[in-house]
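2 protein chains.
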Amino acid sequence: MSQEFGSIYELIRHYVEIDDVEWEYCKSMLSFKQFKKKEIILSKGEICSEIYFVVKGILRIYFVDQNGDEKTFHFSLENTFATDYQSFLKEIHTDFYIQALENTTVIIITNEMLNMLYANLKNGERLGRLIAEDYFFMMNEKIKGLYTQTPLQRYNSMNVAYPRILTRVPQHYIASYLNITPVHLSRLKRGIE
Amino acid sequence: MSQEFGSIYELIRHYVEIDDVEWEYCKSMLSFKQFKKKEIILSKGEICSEIYFVVKGILRIYFVDQNGDEKTFHFSLENTFATDYQSFLKEIHTDFYIQALENTTVIIITNEMLNMLYANLKNGERLGRLIAEDYFFMMNEKIKGLYTQTPLQRYNSMNVAYPRILTRVPQHYIASYLNITPVHLSRLKRGIE
Chain G
951 MSQEFGSIYE LIRHYVEIDD VEWEYCKSML SFKQFKKKEI ILSKGEICSE IYFVVKGILR
1011 IYFVDQNGDE KTFHFSLENT FATDYQSFLK EIHTDFYIQA LENTTVIIIT NEMLNMLYAN
1071 LKNGERLGRL IAEDYFFMMN EKIKGLYTQT PLQRYNSMNV AYPRILTRVP QHYIASYLNI
1131 TPVHLSRLKR GIE
Chain R
951 MSQEFGSIYE LIRHYVEIDD VEWEYCKSML SFKQFKKKEI ILSKGEICSE IYFVVKGILR
1011 IYFVDQNGDE KTFHFSLENT FATDYQSFLK EIHTDFYIQA LENTTVIIIT NEMLNMLYAN
1071 LKNGERLGRL IAEDYFFMMN EKIKGLYTQT PLQRYNSMNV AYPRILTRVP QHYIASYLNI
1131 TPVHLSRLKR GIE
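Chain order of the listed sequences is G and R. In terms of this note's numbering, the first sequence opens at residue 951 and continues consecutively. In terms of this note's numbering, the second sequence opens at residue 951 and continues consecutively.
Excised from the complex, chain G in its bound form (with noise of 0.2 Å):
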């Protein structure tokens, strides 16, 4: 079983040490979770109440704009994570919706079990505040991208930031992503533009 549990492991002690005992105590409040594909596992309106973490499959992030166009947010690919975060924290209406691209399995995260981390581990508010500010990194670049890139270069950041995305994800949820329309995504794989 600990061999399971291994990719949030490696995740953990990537920001801080993290002793066996430890980590005993952290998977035995863990557990799975799977998702079949194109099912929707948060819609707008509702709390979000769990942080996946995405063990194998692709979570989308996405919400509908002012003229009810889908407008993708976000890719979770394997080891990391997907939720909204504030309605999370908050316990507020989520504007979100969360959908599986492919049948999907997750470790689930609460808000009890994240509370009891970092009152319990000796790094856990460490965490905590790295996981944070490396997500608060990832909102930053994606604002930056929106204003200051061209949609060139937002999609040569995208196969940075997700490796194989374009193998994985259907092309209008790619365009939406980059907020440009399908056809402008083909041109810019065909290298016209």
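Hints in this document: simulated from the structure, not taken from any laboratory. Please note: incorrect hints may appear among the correct ones.
Identical chains blur together in the list; that is why a pair holds if it fits in one copy or across any two.
As the list claims (entries may be wrong) - Pairs of lysine-lysine residues, derived as DSBU-like cross-links and limited to a Cα-Cα distance of at most 35 Å, are as follows: (1) LYS994 with LYS1006; (2) LYS1139 with LYS977; (3) LYS1021 with LYS994; (4) LYS1072 with LYS988; (5) LYS1006 with LYS977; (6) LYS1139 with LYS1072.
We have chain G already, so just place chain R on it with the hints.
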């Protein structure tokens, strides 16, 4: 002297408990800096080596898009922070500019100070986590606004986020913050849209 640091003391106590000995330790590291109206205090390509906590005045964070146009990303009013946190923490070159829009007094926080606070305050890491989370939420709102709100909704959100901003900041900076033209802003203010 301690009176002058009162605003940052209140901010810390908003997030965590801090005892008198710890606060004396913090205070011994803090210092003020003054910027003149219109002064540019950070430019693209530099490494952002300080966090500014605004005691009095306004700082504007902006960047220049691919067309050479300034895009105002954020206004830091009294009792809020201004920095490029990513450049600051990772010691990488910034894409942002920071400018004083009024004669401005700030409290300076360096990376060395921050690490000493994390190491030596009982709730230092927790303070860092909670502040990182709040700034993450701010970015989240910003991105959601860009995707899902009309210019009028963004205008209304801005007036909530930055009280009295319209009377303190030149209109072309307001327009660039809302990502609309100054003409469009005038129409919004006259209630035509």
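Worksheet item: Is it within, between, both, or neither for LYS1021 and LYS994, if the alpha carbons may be no more than 35 Å apart?
Response: both (13 Å within a copy, 30 Å between copies)
Fill in: Alpha-carbon proximity context of LYS1139 and LYS977, limit 35 Å
neither (43 Å within a copy, 56 Å between copies)
Worksheet item: Is the C-alpha distance from LYS1006 to LYS977 at most 35 Å within one copy, between copies, in both cases, or in neither?
Response: Close inside one copy (18 Å), not across copies (48 Å); limit 35 Å.
Worksheet item: Should LYS1139 paired with LYS1072 be assigned to within, between, both, or neither, using CA atoms and 35 Å as the limit?
Response: neither (48 Å within a copy, 53 Å between copies)
Worksheet entry | Homomeric proximity label, LYS994 with LYS1006: Cα distance no greater than 35 Å | within (25 Å within a copy, 39 Å between copies)
Practice prompt. Have a look at LYS1072 and LYS988 and pick one of within, between, both or neither, based on CA distance no larger than 35 Å.
Written response: Close neither inside one copy (39 Å) nor across copies (45 Å); limit 35 Å.
When each numbered hint is compared with the structure, violations occur for hints 2, 4, 6.
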